[in-house]
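From first to last, the protein sequence lines are chains P and U.
Here the working numbering is used: the first residue of the first sequence is 1, the next is one more, and so on.
Here the working numbering is used: the first residue of the second sequence is 270, the next is one more, and so on.
Worth flagging that the hints you see were computed from the coordinates, not collected in a lab.
Quick reminder that beta carbons are idealized off the backbone N, C-alpha and C, glycines included.
Possibly wrong hints are sitting among the right ones.
[Stated by the list, open to error] Lysine-lysine pairs mimicking DSS-like chemistry, simulated, CA-CA at most 27 Å apart:
| id | chain 1 | residue 1 | chain 2 | residue 2 |
| --- | --- | --- | --- | --- |
| 1 | U | Lys592 | P | Lys33 |
| 2 | U | Lys474 | P | Lys48 |
| 3 | P | Lys266 | U | Lys419 |
| 4 | U | Lys537 | U | Lys419 |
| 5 | P | Lys222 | P | Lys2 |
| 6 | U | Lys555 | U | Lys474 |
| 7 | P | Lys266 | U | Lys441 |
[What the hints assert, rightly or not] Some but not every residue of chain P turned toward chain U, in silico, with C-beta under 10 Å:
| id | residue |
| --- | --- |
| 8 | Pro160 |
| 9 | Ala162 |
| 10 | Leu259 |
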Amino acid sequence: MKILAIEASGLVAGCALLEDGQIIGDYNIQFKKTHSQTLLPMMEELRKMTDLKMAEIDAIALTKGPGSFTGLRIGAATAKGIGLALEKPLIPVSTLGSMAYNFYGTDALICPMMDARRATVFTGIYEEYDKPVCRKEPCAVPVEEIVRDVLDTAGEDTDPAAGGSGKQRRVIFTGDGADAYRAKIEAVITGSGISCSFAPAHMNRQRAASTAALAYALWQEKGEGCFVSADDFRPEYLKAAQAERERAYAEKTGQMDALAAGTLLKNRD
Amino acid sequence: MSKDITILGIESSCDETAAAVVVNGRNVLSNEISSQIDIHTLYGGVVPEIASRKHTERVNQVIRKALETADRTLDDIDAIAVTYGPGLVGALLIGVAEAKAISWARNIPLIGVHHIEGHISANYIAAPELEPPFLCLVVSGGHTHLVIVKDYGEYEVLGRTLDDAAGEAFDKVARAVGLGYPGGPKIDRAAREGDPHAITFPRGKVGESRYDFSFSGLKSAVLNYLNSEKMQGREVNVPDLAASFQQSVVDVLLTHAMDAADTLGIRKFALAGGVASNSALRAAMKEACDKRGITFYCPPPILCTDNAAMIGCAGYYDYIKGKRSGLDLNAIPNLML
Numbered sequence: 001m002k003i004l005a006i007e008a009s010g011l012v013a014g015c016a017l018l019e020d021g022q023i024i025g026d027y028n029i030q031f032k033k034t035h036s037q038t039l040l041p042m043m044e045e046l047r048k049m050t051d052l053k054m055a056e057i058d059a060i061a062l063t064k065g066p067g068s069f070t071g072l073r074i075g076a077a078t079a080k081g082i083g084l085a086l087e088k089p090l091i092p093v094s095t096l097g098s099m100a101y102n103f104y105g106t107d108a109l110i111c112p113m114m115d116a117r118r119a120t121v122f123t124g125i126y127e128e129y130d131k132p133v134c135r136k137e138p139c140a141v142p143v144e145e146i147v148r149d150v151l152d153t154a155g156e157d158t159d160p161a162a163g164g165s166g167k168q169r170r171v172i173f174t175g176d177g178a179d180a181y182r183a184k185i186e187a188v189i190t191g192s193g194i195s196c197s198f199a200p201a202h203m204n205r206q207r208a209a210s211t212a213a214l215a216y217a218l219w220q221e222k223g224e225g226c227f228v229s230a231d232d233f234r235p236e237y238l239k240a241a242q243a244e245r246e247r248a249y250a251e252k253t254g255q256m257d258a259l260a261a262g263t264l265l266k267n268r269d
Numbered sequence: 270m271s272k273d274i275t276i277l278g279i280e281s282s283c284d285e286t287a288a289a290v291v292v293n294g295r296n297v298l299s300n301e302i303s304s305q306i307d308i309h310t311l312y313g314g315v316v317p318e319i320a321s322r323k324h325t326e327r328v329n330q331v332i333r334k335a336l337e338t339a340d341r342t343l344d345d346i347d348a349i350a351v352t353y354g355p356g357l358v359g360a361l362l363i364g365v366a367e368a369k370a371i372s373w374a375r376n377i378p379l380i381g382v383h384h385i386e387g388h389i390s391a392n393y394i395a396a397p398e399l400e401p402p403f404l405c406l407v408v409s410g411g412h413t414h415l416v417i418v419k420d421y422g423e424y425e426v427l428g429r430t431l432d433d434a435a436g437e438a439f440d441k442v443a444r445a446v447g448l449g450y451p452g453g454p455k456i457d458r459a460a461r462e463g464d465p466h467a468i469t470f471p472r473g474k475v476g477e478s479r480y481d482f483s484f485s486g487l488k489s490a491v492l493n494y495l496n497s498e499k500m501q502g503r504e505v506n507v508p509d510l511a512a513s514f515q516q517s518v519v520d521v522l523l524t525h526a527m528d529a530a531d532t533l534g535i536r537k538f539a540l541a542g543g544v545a546s547n548s549a550l551r552a553a554m555k556e557a558c559d560k561r562g563i564t565f566y567c568p569p570p571i572l573c574t575d576n577a578a579m580i581g582c583a584g585y586y587d588y589i590k591g592k593r594s595g596l597d598l599n600a601i602p603n604l605m606l
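Could you build all of it, start to finish, from the sequences and the hints given here?
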């Protein structure tokens, strides 16, 4: 099984090649250039360095979201183009699940966060003890809300009265959202009694190898059930476009004509 | 005879996802366009984020359909030509990323094409005998350019709009009088029932270059007129307003274009771009050209709207000149001609 993984959901442009459970190439760049400028040249470098024959690729893995809308689409269009060109399927994995998978084997709860601007994050809660488990599905929420949520979950897991193990449950925060809102996160942690840490640099971002490895784990578990056709794949943005939210509001308040005329009145509930 | 060159064209600069297969620049085997216009109509104009999302959903199907209709596979494709600007950056990026991915996966040469160059090239498809040099007026929702096409891929821009594009003015006026989006076809239709001389609107003049355009003053004049009629409690005759506004736009475009043709002694004139579908503009330009003995060219509407056949055509002339783009090709929203 040869999986080519593409990562473009956030600040990192990355690609990795996995062959029969081994990562044979993993190339990640977090730099000021755009993914449009970096991603394909990096993939070409990976191809050359690993003597990759295109026909040998069995599937293209990618992070399906959440993430930067533009980044997700660059990843999507790149994966779709390769899928179309090679007639091969995609294996989409959750961006947050891929970030959490970096910590496979820990008994801590993982809280990956991507900055979604204005003190909100794309986030979820994950366990990576003996298999990846999503404890809270990906969502876009204010950063304090998810921190309280993950601390509560850790507290319940610790408390025997709540059916917990009685062992102290720790929490690891990771991702650019954890960096961007560290002060806010630490303010919520203070006094909670839960032991928390922030991921070290090499585990603090999306990483193509992690996406490749998670896709491989999915394939081992589900076989072709993890495949999505390149034509049908759509990113999972988690957030409607601003205009779509306005449209829903216009429908609710009977203002569709105003929407088209650019004269939508807000606060009409 | 040398081997045929088959180009796969891809276009996603605004709200049309398009792909086409073109042989030797002028023989269009397929020209697939997936329009998003119904969605954007709800919003009264193109919403970039929605356009980008729709391109992502449709791009593979459109490319597949273009290959199927042409009865070709990627094995037959000599190069992939893709629009990389100007346009909406998020929208452009879909076509660019897709084209680069196919190019990389199948080792097919990649050519980044300028969107306006594509519009100009639509004339080569419509008129097999047309060769440079000629004068071309490109008018669309995003562009108003008066260009001398000196040779294939060689342009001298004589004039451009300093503010709104002609098509943008159509959209804004249509929106203001409640005709809705897209403004071009709706104004065109309404104007057929109206008197083009009913209301006198200004003909935009610009100081610096005699060939530059300005449409924001005209747009303001229309909005002021609407406002003042409303203040005085008078009903606006929409067909008359549409016809008078359209006449003003056509007059400005025609005067500049014919001034350039007369001054520079150019005997071939071509229209291009979405607004080239406007019936009043086509008729007026043809008449003015005929009167001067200038040969008039204008593609059919299907080649005036955003499409990928024109990109495949422009890409062909780049291809035979040896132009190639790298895998770092980026979308450039304000790309200059």
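**Message:** Which constraints among the numbered hints does this structure fail? Numbers only, ascending.
**Reply:** When the structure is compared with the hints, numbers 2, 3, 8, 9 turn out to be violated.
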